[in-house]
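Asks: Residue-level listing of the chains:
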Amino acid sequence: MKRYKKFMDGVRASDTLHQRLTELEAPERRSAPWAGYGAMAAAFALMAVVTSLMCIPSWGMAGNPGVHPGPVSEHLAESGAPDIAPEDPEGSTEPAATRFAGRYEVTQDGVTTSYLLPYIEYGAADGQATAADWDLPSGAVRRELAWEDIAALLGGEDAVDTHLAWGVMYSMTGWAAWNGDGSFWGAYLDGIVPNYGAELNSFEFAVTAGQLPPTCYGYPESVEQNISGVMVTADKADWESRFGEETASVHDRRVSFMTDDYGYRFEVRSGDPDLAEELVSRLVRWVIENGVAADQLSSEGAVLAHPWEADPDSGVGGPNWSDSVPDQDISGYDPSGSSTATETCPDCGVSYPAGEAHYHTQTCPDCGENYAAGTAHDCAMCDGYPEPHTCERCGAVYPEGTEHECELCGLPLASSTQTCPKCGESYRADHHHTCAPDPVNTFEGAAGTANSHICEVCGQTLEPGVEHSHQSGHRGDRQ
Amino acid sequence: MNHSNRLEELVNKYEHTLFRAALAILGDVQEAEDAVQDAFLRYLEARPELRDGEHEKAWLLKVTANRCKSVLRAWKRHPAAELLDIYPAPAEDGSRELLEAILALPPRQRAAVHLHYFEGYTSEEIGAILGQRPGTVRSHLSRARDALRRYLDEECGE
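One line per chain: the protein sequences are A and B, in this order. Residue numbering for the first sequence follows the numbering used here, starting at 1 and increasing by one per position. Residue numbering for the second sequence follows the numbering used here, starting at 480 and increasing by one per position.
Some hints here could point you the wrong way.
What the hints assert, rightly or not - Listed next, the in silico EDC-like pairs over lysine to aspartate or glutamate satisfying Cα-Cα at most 16 Å (straight line):
1) Lys492/B to Asp15/A
2) Lys541/B to Glu148/A
3) Lys492/B to Asp9/A
As the list claims (entries may be wrong) - Restraint-style ranges between C-beta atoms, simulated for each label pair:
4) Asp632/B to Gly229/A: 56 to 62 Å
5) Gly614/B to Glu148/A: 16 to 22 Å
6) Thr215/A to Arg485/B: 47 to 53 Å
7) Glu603/B to Gly229/A: 49 to 55 Å
8) Gly614/B to Val111/A: 45 to 51 Å
9) Lys492/B to Trp239/A: 50 to 56 Å
10) Arg575/B to Thr215/A: 57 to 63 Å
11) Thr112/A to Lys492/B: 31 to 37 Å
12) Asn290/A to Arg629/B: 40 to 46 Å
13) Ser241/A to Gly532/B: 45 to 51 Å
14) Glu289/A to Gly610/B: 27 to 33 Å
15) Thr107/A to Glu528/B: 25 to 31 Å
16) Gly10/A to Ala525/B: 29 to 35 Å
17) Gly599/B to Thr107/A: 38 to 44 Å
Treat the hints as calculated values from the structure; they're not laboratory data. Every value quoted in this text rests on a predicted model; they were computed, and no experiment measured them. Glycine included, C-beta positions come from ideal geometry on N, C-alpha and C.
Please take these sequences and the hints and turn them into a complete structure.
Replies: Here is the structure:
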């Protein structure tokens, strides 16, 4: 590595880069994003701070949550073409583009862009709630998400900070899960304003592939509305809650919708209803326009969501619904858990209940990522870069994708590779090749006349359709 | 010390370190420069209170590495030949093969190799910078050594 060190010692940042760096200025927006949005955002930020302060019981400010001049509740009529067009939830023929919940602006490189927020009608969530249990599917793996993962899922740090306005206030955690076949199952994110408690300042965002994110409760009074072609279901709940000796209003806003084969649910709980609704509108606008980048999440480091699946013999902690499968032949059932009730995976050695599906992961030797065995692996960090590849047929080692056109394995051959004209096998030019002719013959008229075939081993001319073999176990159906 | 002077001090102190690390991971001068600029920008935004210079350096390296990861995710199928074309020319004969071998490594291994062999970080420290477990870093280093040995044996008979 001396040469590497010597070379790297000679690598210097250019004068141009040095000048760029020394002229950097701290962008105001990134450290205090609301401040850069102009008067509207400033008022909004003030509103958020005031609301947050009201959560502190000893300050005694609860009871006046309505003092916030934010623009969120204004339904603006924009003359320009909206970037998102909510339709009237009541089914009015009035142009839907006139219904907005407000807007926000983003200035980048001196250009200010205004984004209109869709107006969302919320149904009352005070009806009879439907409770439901849900769980990750069998074989699923999950892992916690870092900030970088959350940003990547939602389209980048700017999306989280500027468009969703989460990064300013919320401390975020989350997890993602993948199915046993390695496909993305979904992700759940939680945000909370530190020190102020989850009941007044928190959100939950969930995205799942192919279905709405499971939830523990649903309300019959939810309002369904069409926003830019996406049916969005929304409900709200408002109540008073005690914080120590004080009482404060709690406002819960929730939406769920399906778009581009992903289901979303977003719930914001805040002391300020306008803040909650603006955050919901921001998310709906962003997701409908941009979706999420689930493929940017790697399952590296994910572990079985149901640890008992790795050791089913333990019988501890597993789900119990599979114990009551009807019409199951239990004549061979052994309550002691003997070997007759389990099978052992030949690949990973894990024992699992006989007759049940078994999933397991394997680790990519290049990037260390875990994925379901037998499935394609999309190596997030090293895919596309030259990997040493050994041709199974000719033994040549070469960077994948470079010249090696081995006819037998379908990959490019190395220049030093020869193909045996007799048996068709490819081998390295500097290797000895022992031709082992395949005694299998076909009857498709390859060598003799159009209707006959000459056996490569004995030279006999064979009539089409006639079985011909030289040894027991010989196959006449060469593929 | 005001922010302007502080920034200049930081730039003078770490610009080459960050640029080398970004270049080692990305192999692209322009992207490496952008990654370094982004790291200093993040520093200005966050103004983290770090205990000493070593923590400062590690923080900046971590941010740079994260930016590099984002770039790599976007690239995914960036052809390696271009990496070699835009990489700075080696200072002496014989280095080319080594650089080719290093650039042929997956980016995670390149990052581990650079931070370990050039910056002198331990696997635990590299793990903290790259957001990986120390065992994963050691695995990357081991695989990188094997790959480099194999490559250089074949190419140069070393």
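Asks: Each hint should be assessed against the structure and marked as holding or not.
Replies: Now the hints, each set against the structure:
1. Lys492/B to Asp15/A: Roughly 14 Å between the alpha carbons, so the hint for Lys492/B and Asp15/A holds.
2. Lys541/B to Glu148/A: holds (12 Å)
3. Lys492/B to Asp9/A: holds (14 Å)
4. Asp632/B to Gly229/A: 56 to 62 Å: Holds - the Cβ-Cβ distance for Asp632/B and Gly229/A, about 60 Å, lies within 56 to 62 Å.
5. Gly614/B to Glu148/A: 16 to 22 Å: holds (20 Å)
6. Thr215/A to Arg485/B: 47 to 53 Å: At 48 Å between Cβs, range holds.
7. Glu603/B to Gly229/A: 49 to 55 Å: holds (51 Å)
8. Gly614/B to Val111/A: 45 to 51 Å: Between Gly614/B and Val111/A, where Cβ atoms are some 47 Å apart, the hint holds.
9. Lys492/B to Trp239/A: 50 to 56 Å: Check passed, 55 Å falls within 50 to 56 Å.
10. Arg575/B to Thr215/A: 57 to 63 Å: holds (59 Å)
11. Thr112/A to Lys492/B: 31 to 37 Å: Holds: the Cβ-Cβ distance is about 36 Å, inside 31 to 37 Å.
12. Asn290/A to Arg629/B: 40 to 46 Å: holds (43 Å)
13. Ser241/A to Gly532/B: 45 to 51 Å: holds (48 Å)
14. Glu289/A to Gly610/B: 27 to 33 Å: With Cβ atoms ~30 Å apart, the hint holds.
15. Thr107/A to Glu528/B: 25 to 31 Å: At 29 Å between Cβs, range holds.
16. Gly10/A to Ala525/B: 29 to 35 Å: Holds - the Cβ-Cβ distance for Gly10/A and Ala525/B, about 32 Å, lies within 29 to 35 Å.
17. Gly599/B to Thr107/A: 38 to 44 Å: holds (42 Å)
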